[in-house]
Structure formats: C-alpha cells, structure tokens
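From just these sequences and the hints, can you work out the full model?
From first to last, the protein sequence lines stand for chains A and B.
Each residue of the first sequence is one higher than the one before, starting from 2 at the first, in our numbering.
Each residue of the second sequence is one higher than the one before, starting from 2 at the first, in our numbering.
Take these hints with a grain of salt, some might be off.
Said to hold, decoys possible - Here are the simulated lysine to aspartate or glutamate pairs, DMTMM-like style, with alpha carbons at most 20 Å apart:
| id | chain 1 | residue 1 | chain 2 | residue 2 |
| --- | --- | --- | --- | --- |
| 1 | B | K93 | B | D81 |
| 2 | A | K22 | A | D118 |
| 3 | A | K210 | A | D118 |
| 4 | A | K188 | B | D226 |
| 5 | B | K111 | B | E17 |
| 6 | A | K191 | B | E199 |
| 7 | A | K5 | A | E170 |
| 8 | B | K149 | B | E165 |
| 9 | B | K188 | A | D185 |
| 10 | B | K188 | A | E199 |
| 11 | A | K200 | B | E165 |
| 12 | A | K149 | B | D193 |
| 13 | B | K200 | A | D118 |
| 14 | B | K149 | A | E17 |
| 15 | B | K200 | B | D185 |
| 16 | A | K188 | B | D185 |
| 17 | B | K191 | A | D185 |
| 18 | B | K136 | B | D226 |
Quick caveat, the hints were computed from the structure, so don't treat them as lab data.
2 protein chains.
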Amino acid sequence: MANKSLEICFSPAIFEAHADKEAIVVVVDILRATSSICTAFANGVSEIIPVNSVNDAREMKNKGYLLAAERDGFVLDFADFGNSPFNFTSEKVRGRTVAYSTTNGTGMMKMAAVSHDVVIGSYLNFTSLCNWLIKQDRKVLIVCSGWKQRFSLEDTLCAGAIAEKLINEGGFTSVCDSVHASLDLWKVAKSDILGYVEKAAQRSRLRDKGLDDCIPYCHTFDITDIIPVLRNGRLTAL
Amino acid sequence: MANKSLEICFSPAIFEAHADKEAIVVVVDILRATSSICTAFANGVSEIIPVNSVNDAREMKNKGYLLAAERDGFVLDFADFGNSPFNFTSEKVRGRTVAYSTTNGTGMMKMAAVSHDVVIGSYLNFTSLCNWLIKQDRKVLIVCSGWKQRFSLEDTLCAGAIAEKLINEGGFTSVCDSVHASLDLWKVAKSDILGYVEKAAQRSRLRDKGLDDCIPYCHTFDITDIIPVLRNGRLTAL
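Structure representation (structure tokens):
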C-alpha cells in the first residue's frame, strides 16, 4: 500500500510541479467539462476526442465529426453544440464520436497525458471513480482545471470530496498541502454544496451568460458508473 | 472605493493570470523568507537586495555584500548565513545592505516587480501592513510564494488573515475564488494556528532539517511596524 499517496493540483499552471508518470491523474472541471463528458458517456457516446485549439476544432468539424466546442461559455459558431451537459443527449451522442474543445478542461487532459492513466472525475461518477481508484495500488493526482490558470472553488470541493473518500475508505495518505486545504474546504461546504458554490466566480460567469441552469445537476452524485479514460488521445469508457 | 478589490494568487506559477500593473502586490513567504525580511528591518538592516540565482548570489558575495542565501533549507556554503529569521540579528545587519537569495520567496519578488508596488507581508508586520493597504485606494494582490510552485498552507493562512482584515475593516471586496478559500481556511485555523500548521508540508521539511525552531516566532503578530517595499530592485523600509 506504499503507493497509495495522494496529491491535488490546483491549476494547470502548477501541473509540472506535481507531474508523475507513475500516477493516475483525475481531471476535474465541474462547471462544466468533466460533468458534460460523464453525461455524454452515460448517454451512450462512443468516444470523445479532446481538441485544444479553435483551429483544431474547426478541422475536426470539417472532417465530419460531431463537434462540441465553447470558449468563455459561448458556443463556437461552427460547432454543433456547446459545453452544457444538457447538450449531450442520448439522441445526439449515442454511438457517435464527438470532438470536444473547452476553455479549460480539454487542454488539461492533453497536458496530463504523460501520466500512467488519465481519467475523468465529477460528482456524476463519484462513487464508481473512487472505488476504482481505491482498487489500484498507485499514486493518485487530482488536477483541478480551474479558470484560465486560476484556482477554482467548485473543482477544489470535488477534489476534496474524492480525497476524503480515498483517505477514509481507501488507505490513501498525503503530505500535500493542497489535499489538506481541499479536505477542509469540503468539510466547510459539504452540508450545503450549492449554497457554498454560490460564491464561486464561475457560478457568476455562468449566471451572467444564462448558463447556470446546469449547476445543481453538475453537483449531483452518481448518475453513472462509467469512468471515462484517455487512451491514445481519445476518451472511452474504462 | 471602486479600486478596493482583492485577489490572492496561490503560486508563482499562476502569477501571470493575476498580474496587474495597477495593483499593490503583497509577497508572503511565512516559512521563512518574508518573516526573515521583516525581522531584518526590525533589527535595523539598511537595504536587502533580492537575488535569484546561486551564481548571482556568489557574485554579490564577491562584491563584498553580506550574503544570506539558502536552497531547500540549506545554507549555501559561500554565504554568511541562511534563511532563519534568527540569523538576521541587530549585531549582524544593523546599517548594512544584505544580499538575499532563497528557494521561493526572492524569485517571486522579482517576478512581481511589474506591479504598482511590491511590499513584504508576514504576521510580524501584520497590522501595520493591513492599515497601510487600507489607506491606499488601490487593488491588492496577495501572492503566496509556496514551495517550488506548489500551494502552501502557511502562506495561504496569512493571506486569509490579511484578506479578513482588509474586507472587514477596509471595505475591500473580492470575486476571486482564492480569496474565499483563504478566508475559510483562516477561519478553520485561526483559533490554533500552530496546531493547524503542523500539517503543512513545509513544517515537516523544516523539522527534518532541524530548522523548525522559528515556526512559533514566524506566526507572531506585530513585532514591527515596518513595511519593506521593493524599489529599483532593493527592499527598503516604506
């Protein structure tokens, strides 16, 4: 059990300081990328191809892929739809391969690809994800996607929730200050997650754009058992 | 009062996302750089010249400067002394110019020099610093030096303490998630700061090297009124 160490990285900008090719990386981007990805798999998507740049997204569209793409909350004009989890309906995505590009989350996935495995975390697949992580005898690094390199409360809370379960039920240990901070913030927030998230900056950004209808949904535990995993540049169900 | 906004940056790696040439930057590196700098000024140092690289530190020593320099907690062999605040005694530093190079804090100071002003924050000059910040009609950005780009608890707690005072007594407001997190962690920790800091990774690093004797001192409020400020690459008393 010596490998069951746990770290949390608060920003893609800090990833290099935590990077470890032996670790399993859990990418968290609660509002909204990783919640949308879990929804897509729950609704039967075949594969999701994370795409970094707007140009790459356009190229995937030209190649005939279904394209979900947004920047700063706005749908790219040539995309089929944007980043709300409510877009990834069974009617749209079942059996399809979707190309996907977002402001923060998809870039983080590609950066993390140096790791042993990269999996997608959210409240929506929380218990299944934690139970799988506990079964691996391997270091876990939870990476919060944040907002344009900045720390984000909503990602940190989910990281704290995962950390709590891994430590309490999985025998994980940590000497990482980010883990202690996330655990304490989760303890403060967990009796009223949605109330706490009211003060998150991303909450305000989404409200300003009329995109905040998905927030309660994105904080719902366990709508799916599927753990999306990044293999050869594509997300598939583990 | 529209300018009284407040941000906290959790790592030098995230500084670019927060950088604002109109802001006053408060650099915090509680264990130990900014505590040592405040101690040096309390003991009558004339100026401190932050130096980034080991080579630059050696060059300053060769030029005849008194040199305080460490890496990873160890004194550089050609330095006069290391980074403990207890080194910066009145006998050694009064009236002198000291060249100073540390693992985290001094690099952060040079990076922040693009800002309107860069001042040094610690518990040791807490009240004087906060009262001065409150008098300025200007955005404040508190930068936690952390450890090799990583988030650090002890810096975050001090940032939270400063934030609490600026918001409660100075009319500052914030939409920055790092501020909300720091405030909540400070609330959790403030009734027993030293007990809370026991779990900080830097606490363990210092203990492992026998350097933890300074930790209670570094969490003492208000031993000095002096606010060190960076002007033309040199720290002087404001």
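Next on the checklist: Check whether the Cα positions of K149 (chain B) and E165 (chain B) lie no farther apart than 20 Å.
Outcome noted: Judged against 20 Å, a Cα distance of about 26 Å means the pair is violated.
Item to check | Satisfaction of hint between D226 (chain B) and K136 (chain B), Cα-Cα up to 20 Å | outcome: Distance of about 15 Å is within 20 Å: holds.
Next on the checklist: For K191 (chain B) and D185 (chain A), compute the direct alpha-carbon distance and say whether it is at most 20 Å.
Outcome noted: Within the cut-off at roughly 13 Å; holds.
Next on the checklist: Between the alpha carbons of K200 (chain A) and E165 (chain B), is the straight-line distance 20 Å or under?
Outcome noted: holds, 16 Å
Item to check | K191 (chain A) paired with E199 (chain B) [C-alpha distance capped at 20 Å] | outcome: violated, 24 Å
Checklist entry - Given the hinted pair K93 (chain B) and D81 (chain B), is their alpha-carbon gap at most 20 Å? => result Distance of about 10 Å is within 20 Å: holds.
Item to check | Given hint E170 (chain A) paired with K5 (chain A) - CA-CA distance at most 20 Å | outcome: holds, 12 Å
Checklist entry - Has the given pair, K188 (chain B) with D185 (chain A), been kept, meaning a C-alpha gap of at most 20 Å? => result Holds, at roughly 10 Å.
Next on the checklist: Holds or violated: K188 (chain A) and D226 (chain B), Cα atoms, limit 20 Å.
Outcome noted: Status violated; Cα separation ~36 Å.
Checklist entry - Given the proposed pairing of K22 (chain A) with D118 (chain A), does the C-alpha separation stay at or below 20 Å? => result holds, 8 Å
Next on the checklist: For a C-alpha distance cap of 20 Å, please report whether K111 (chain B) and E17 (chain B) respect it.
Outcome noted: holds, 13 Å
Checklist entry - Are K188 (chain B) and E199 (chain A) close enough, with their CA atoms no more than 20 Å apart? => result With a Cα-Cα distance of about 19 Å, the restraint between K188 (chain B) and E199 (chain A) holds, given a limit of 20 Å.
The structure is inconsistent with the numbered hints 3, 4, 6, 8, 12, 13, although it conforms to all the rest.
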